[in-house]
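Chains as they are written, first to last, in this note's numbering: chain G, 15 to 290; chain W, 13 to 179.
Treat the hints as calculated values from the structure; they're not laboratory data. Incorrect hints may have been included.
Once the Cα atoms are required to be at most 25 Å apart in a straight line, the calculated DMTMM-like pairs of lysine to aspartate or glutamate come out as [to be verified]:
1) G:Lys-83 / G:Asp-158
2) G:Lys-180 / W:Asp-113
3) G:Lys-24 / W:Asp-113
4) G:Lys-145 / G:Asp-203
5) G:Lys-190 / G:Asp-158
6) G:Lys-180 / G:Glu-87
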Amino acid sequence: MRGLFRFLLKNYAFLLFLLLEVLSFTLIYNFNSYQRSKYLNSSNKVTATIYNSFSAVGNYFSLASVNRKLARENAQLKSLIADLPYIRITPYSIVSKAEITDSLYRFISAKVINNSVDKQDNYITLNKGSKHGVKPDQGIINSDGVVGVVIHVSESFSLGFSVLNKRWGASAKLKKSGTFGPLAWDGSDSRYANLTGIPFHVELAVGDTVVTSSYSSVFPEGVMIGTVHSIEMPPGDNYYKIQVELAVNFRALSYVDIVENLKKNELKALENRIVK
Amino acid sequence: MIRILLKYALMFVSLVLVQVLIFNQVQFGGFFNPYVYILFVILLPLSTPRYLVLVLAFVLGFIIDIFSNSLGVHSAATVFIAYMRPLVIRIISNREDDKSDYPGLHQNKLIWFVSYVAFMVLLHHLLLFYLEVYTFANFLTTLFRVILSSLFSIIVIVLSQFLVFRD
Numbered sequence: 015m016r017g018l019f020r021f022l023l024k025n026y027a028f029l030l031f032l033l034l035e036v037l038s039f040t041l042i043y044n045f046n047s048y049q050r051s052k053y054l055n056s057s058n059k060v061t062a063t064i065y066n067s068f069s070a071v072g073n074y075f076s077l078a079s080v081n082r083k084l085a086r087e088n089a090q091l092k093s094l095i096a097d098l099p100y101i102r103i104t105p106y107s108i109v110s111k112a113e114i115t116d117s118l119y120r121f122i123s124a125k126v127i128n129n130s131v132d133k134q135d136n137y138i139t140l141n142k143g144s145k146h147g148v149k150p151d152q153g154i155i156n157s158d159g160v161v162g163v164v165i166h167v168s169e170s171f172s173l174g175f176s177v178l179n180k181r182w183g184a185s186a187k188l189k190k191s192g193t194f195g196p197l198a199w200d201g202s203d204s205r206y207a208n209l210t211g212i213p214f215h216v217e218l219a220v221g222d223t224v225v226t227s228s229y230s231s232v233f234p235e236g237v238m239i240g241t242v243h244s245i246e247m248p249p250g251d252n253y254y255k256i257q258v259e260l261a262v263n264f265r266a267l268s269y270v271d272i273v274e275n276l277k278k279n280e281l282k283a284l285e286n287r288i289v290k
Numbered sequence: 013m014i015r016i017l018l019k020y021a022l023m024f025v026s027l028v029l030v031q032v033l034i035f036n037q038v039q040f041g042g043f044f045n046p047y048v049y050i051l052f053v054i055l056l057p058l059s060t061p062r063y064l065v066l067v068l069a070f071v072l073g074f075i076i077d078i079f080s081n082s083l084g085v086h087s088a089a090t091v092f093i094a095y096m097r098p099l100v101i102r103i104i105s106n107r108e109d110d111k112s113d114y115p116g117l118h119q120n121k122l123i124w125f126v127s128y129v130a131f132m133v134l135l136h137h138l139l140l141f142y143l144e145v146y147t148f149a150n151f152l153t154t155l156f157r158v159i160l161s162s163l164f165s166i167i168v169i170v171l172s173q174f175l176v177f178r179d
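Extracted from the complex, chain W is given alone in its bound form (with noise of 0.2 Å):
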């Protein structure tokens, strides 16, 4: 249990370290803006209480915010993912497999892996990107920064399976 702890708090410092002193300073055109610190949401063991996903979430988001001088924004982004991660799983998982706890790449398909991140940053970087705008004029300039950031955070997610947080 305290292995388990510690693993979590470790994971949760150094995502938000490496999105905001890596990640939110790449700069390319300011079409890839790749969030990558919902990993520790999407890792987060499939037993775990609601609320405590819940409140883990908005923590994450608010600290990503008061680095970012975002109020607000990343926490809605964050709390909406962890209240969908449930469906989300419920969705693209048959009923026969039997799942590991820990929803991992290698406890699981990569086919199912792929998909659930590719649905929960898709959710997150929709909502992330309309509230920082906050307008729904340039409609397709913000989509078409949604989809180029989502498929970076995407591609660096899944190959941060294959270095760390392996179990």
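Isolated chain G (complex conformation) (with noise of 0.2 Å):
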């Protein structure tokens, strides 16, 4: 006994190096069931401050390319109201195109106050939180196209992953043939992801466009995720490799539009029914 003692005082620093170590694997591990480290991401609220108040000084930097983009959306959407005179807009929702397929969106605009491109896993922490309506596995959008999904709602902020993360895909299709397969990235380059699942039969060229599919209740149908870049044919394998050109500057987000699926919950009790 008393040389197990002298054993364990001898080498306390390599016993709390392994405690340590073995803790940090559980965390490693757990961080993957998201529901549990709810509090340790950077949307709490003394990461998020300390990120927002320091966007604001950054902020100043993009003001002349945030105003641009502004106009051409503000230009977009005023041709958008021409085409649908019958369509009451008021301040606060926006009734997307998509009406006419019978389903309706409300946007939430937020500001990007932290964001990274190089990890491996890639999340983006915006400034408006539950008491701004914001719910988990809600669609981030902004007017070039799909930026990622949320993930984690505080008071005021909220943590989502971004199309840069290999936890999450986005569902998507190809607009010509509207074959639809799943949008996944593969961890190296900021500018491309890769679309999987669609079969050697499907025609399609360099440069054809690749958008949101109407299977998912996160994102609007139709909304742009990128074109084409470059088609591979792998021998021994039913479906092609393709490469897609992301239509969203990751490097260059400030301001995104959060979609919320008004008829979300209908849909899912509609669902769930045929499952049961």
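Using the hints, put the two standalone chains together into the complex.
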């Protein structure tokens, strides 16, 4: 017994080292089930406040480009209104073109206060939270296209997976043929993502448009994702390996819109009934 | 004693802020990800009890993890170099030299400090980047990222010694 105590005392540094490493690895594994790490991410009050006040400084440098973008978006929206004279637009809700296909979306404008592109799993922190109506599983888009999806919400901030995150992929389709497949990022280049699940018989060409499919309740159908950059036909496989050039420039994100599908619950309830 | 505690507390906070607000935002094609916050572990006095070095390293890594949404990755890498620190120092030191307790650039020879920093940064970045990717696929790409980022971190850390935390 005494020998054991002496051994423990002599090697306490090694044992403490082992303990802390085991703790770290447990954290790495458990972060996957992200419900458990509710407060240990950058949308918690302290970290988000720091990011928020710091991004206020950096924002002045991007004012010019944000202005240009807003002006362009305004012009697009105005032409959209001209197409849809019968839809009433209230100040807080813009009914998207998707109204025609019988589904209703609301958009919440948010500022990106932290964003990374070079990690293996990239996240976006936004300055809107539960008190503004943001909930997990809502899509994030900007005027160029799909940005990501919300996973965590605190009172006034939220955290989302960006498209550049290996743990999440959008449901995409080729605009021309309507063939759909999952979009996934491989962790290397922030400009490209991969589209899989498109069989060889589908005709496609470099430059084809890739948009969101209608099979997910996260995004409206037809939101821009990117364009086909390169096409490979791996031997012995039935599916193309398609590299998609993303429409959104993730290095220069400033303002985004969070998409709320107002009929999501109804849709979920219906689907659940079929499953049971 | 109070002065030393205050100094290290200040160093801790400023390194965390500089890391998450400035260096985490440096984005050059995914190959340069400098991590300079480990300067805190590097500059702890050599006489600091080992348990304290380990615990402080864990807390530091944990806070960086929360900011970067990578729970556990930075903690694991930082605790690892905290444990390896006495070994690294033994390897690069001559027995005849009497060393100062503070392992800064001005208290030691330039070559000693640079090799000390280089060892620590390389060990840290190796573990960190492979844990982050969590696979040995693309082994060489990750190794390339480790080497470029390490070079960047080493240069920043050595240069910082001419400006702050000199003694």
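Enumerated hints in conflict with the structure, sorted upward: Violated: hints 2, 4, 6.
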